[in-house]
Amino acid sequence: MTRTWAGRIGFYTLIAVLLAFFTIPLLWLAAAPFTSDPSYEVRMPDFTFENFQTIIEHPYALWSLVNSLILAIGTALLVVVLSALAAYALSRVRIPGRDALLYALLLLSSIITGTAAMVPLFQLAIELNLIDSHTGLILIMTGGLLPAAIFMIKDFMDATPKSYEESARVFGASPLQIVRHVVTPVVRPGLATIAVWTIANVWGNFLMPFLLLSDVEKQPAAVIMYTLYTEGGQANLKVLSTFGLLYSVPVVLMYLFVSKKYGFRFHGGIKR
Amino acid sequence: MAQVTSPPEPAEVVSPAPARRYSSDAAGLGRLRAGAFVAPALALIAVFLVFPALWVIYLGLTNYRLTGVAAAEPQFVGLDNFVKALTDPEFWDSTWLTFQFVLGSAVIGQVVLGFTLAWMLKDRRGTLKSVVEGLVILAWILPSAVVSFLWVALLDRDAGTLNALLGIPGFAWLLDYPMLSIIIFNTWRGTAFSMMLYGAALGNVPPSHLESARLAGASGWQQLRDVVFPHIRGHILTNLLLISLWTFNDFSPFLLTAGGPDGKSEVLAVHVYKVALQNGDLGYGAAISTVILLINLVVAVFYLRLLRSKK
Chain A
1 MTRTWAGRIG FYTLIAVLLA FFTIPLLWLA AAPFTSDPSY EVRMPDFTFE
51 NFQTIIEHPY ALWSLVNSLI LAIGTALLVV VLSALAAYAL SRVRIPGRDA
101 LLYALLLLSS IITGTAAMVP LFQLAIELNL IDSHTGLILI MTGGLLPAAI
151 FMIKDFMDAT PKSYEESARV FGASPLQIVR HVVTPVVRPG LATIAVWTIA
201 NVWGNFLMPF LLLSDVEKQP AAVIMYTLYT EGGQANLKVL STFGLLYSVP
251 VVLMYLFVSK KYGFRFHGGI KR
Chain B
1 MAQVTSPPEP AEVVSPAPAR RYSSDAAGLG RLRAGAFVAP ALALIAVFLV
51 FPALWVIYLG LTNYRLTGVA AAEPQFVGLD NFVKALTDPE FWDSTWLTFQ
101 FVLGSAVIGQ VVLGFTLAWM LKDRRGTLKS VVEGLVILAW ILPSAVVSFL
151 WVALLDRDAG TLNALLGIPG FAWLLDYPML SIIIFNTWRG TAFSMMLYGA
201 ALGNVPPSHL ESARLAGASG WQQLRDVVFP HIRGHILTNL LLISLWTFND
251 FSPFLLTAGG PDGKSEVLAV HVYKVALQNG DLGYGAAIST VILLINLVVA
301 VFYLRLLRSK K
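Heads up: the sequence lines are chains A and B, in that order. Our numbering applies: residue 1 is where the first sequence begins, and numbers increase by one. Our numbering applies: residue 1 is where the second sequence begins, and numbers increase by one.
Just so you know, these hints were derived from the structure itself, not from any lab. All the pointers check out, no bait thrown in.
Incomplete in silico selection of chain B near chain A, CB under 10 angstroms:
| # | residue |
| --- | --- |
| 1 | Val56 |
| 2 | Leu66 |
| 3 | Val152 |
| 4 | Leu165 |
| 5 | Leu255 |
| 6 | Leu268 |
| 7 | Leu277 |
| 8 | Leu282 |
Positions of the beta carbon are idealized from the N, C-alpha and C atoms, including for glycine.
Just chain B, same shape as in the assembly:
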């Protein structure tokens, strides 16, 4: 019975050799079984993630269409689709709108609001903190189809709550200011992530450093710049890269404005959908997707290098 209560001892006696070969293979899995454990996951990833990414590059080089002759026998057209994109004003308009969307709602909106909230709630406990955090997180976790409709209702021209509050009935936010609407919507929607990340980051700033800065008479802004900022620089960069990547790929503007009116809020995610699946030009849509993929790749590689250098 004594053996049962002290199992590690016999373990050392029995398995020194395999323990040395597979430094941590405690269950005696071996490479073959380990491969079998990994295989199903890798197979699904290969078919439904990696293959589509490679296939999109190929499709972008063809004139493949949803219907018609080019659907049955797509032709290889080389870089024609990319040349078409680069000379198409609609593509550049959409790229410019996407830039505004990412800069306005992620880089400025979510970062500033998220940091402000984290900074204000840093030393607080109790109801106020949990209510504010709870509401910000609620905006983040609710399904996008629901929150999009909530904003359609809020911004409605005739009966919307916002116009009632501001006393300007008949002001058509979604028609006259579609970009501003989706930028503010996405700021509201995504601030929670930045708030939580900065909340965690501010917890790592040693209170004694802040205390001595305060004793030395540093103002709030000076404390931020000289004590807080150097500690959380890495977090800011991580935060910026992640939320830019997510916002760049966000499809929810479609739920709010569907790219309209007249393509005035047609960010690239919506543009691809319209070109490829509404107009049926799969080849050209795939070429734009390839551009999106490349931009994602650049941002992600940058982010991963940052993570590695931290470790």
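For reference, chain A alone in the conformation it holds in the complex:
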């Protein structure tokens, strides 16, 4: 009996310590935006909303969120459409060397990281005149995310029964019509997964926009956030705290949406 009591006390102590470790760094983000005169220390907020006023007046803050949105949506559209087409073809047709191709794709996407490729990507962007261009950044990030996306979506395609496509074909549908009206609705959860995964990746990506966008009006929230706390004397904590919160909320909402709707399913490479 004493042993189980000791065990219980040990369990709850350890859980409390771990809970504190994971909670304490986050408290500031929850408290400071609603405190009138925030400092680095976490204090009980007095629930003011006037800090959000400073965000509206800030010249770049809100636009950077729009830029993040443009980059995220643009990349997600490209990744979803291109990976779905490629994965469908690879799932249904035995193209010569298909398995080797998939193996190579998986290998490439895991070794060519932003860190390893920052020098050539920077130079490539200069040569192709893609510096300070949202389109250029979207293309670069799409290239990096596509291999893993093709891999994930192909799983969904492989698991789809072929009888629907066969019957649609019997009634005279063309391959493109079949993909659009038969396959797409069936694999919609897979497409949604890829879209959310891409948006989350791009929304949080710091290195690529930091390297390739020098025009402050084009920079996304990740870069503006970094600029806010590293440049120019005393950091404005009113702006930083509210901006940090506004920048984080979409990620949390998206996570809650995904885990509620599809369950948080485990994909090996969901994070890069």
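Place chain B on chain A using the hints.
Okay, now just chain B, sitting in the frame of chain A:
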């Protein structure tokens, strides 16, 4: 109308020949159209992923610079950059720091913490489990620029919450213990992945095996070693390889310490950035990137072979 409700039957009649040729080409795509479907994706991957990886190898063999004469007419210098790296103490310092970072925050921090959490929450349902898991996952999904600043605030010398809690105002974590700071930061940041992977793995351990071990009087540690560990060995290896690869390539230490003070937390990812893009030595930076690429390749090949042998 009967035909509409039972479509598979005519399908069998109509398409036996193509069905045999393309065993599963149900939409009648054919190789040509399939190629057209794959081409746009492959083109983007080729230009923005494969080409940079090959180009970095070439750049590493030149004296290319961001500005100046060597920017206009880069010269081929052979293996000079690699020789320079191997004899440069800064490169070795950075490699050693990277090793500490991967070992401390991924191999030890995230694995131990992730497994501990998964093991403790294994048989639980309800609020406690969802609160703990939710917070650990929150640390993982928030944007890196935000969490980095949260840690800057937490560790601040004069007004930071940590010093206030410990009662040691004026203790400069980021200046005096930069490596420890980024190791603990990255443990906090990345534990969620290991926790979820071990959570899934522990679900595969048959409860009856654990039950009989418990009845036979095995202690908690003995159960872990003799029953649980053999079942999840594959998961542990997968986990180790993936998080080592990610941590090795992680750029977020830059957001917390920018490699400083004095290069004391300058892991290779930050080192490449400083050498190539701040100092403008693109050729030398590319040579270090090539080394990173090779290390990634070794780890990834190891991982893929592991995946294959499982199947």
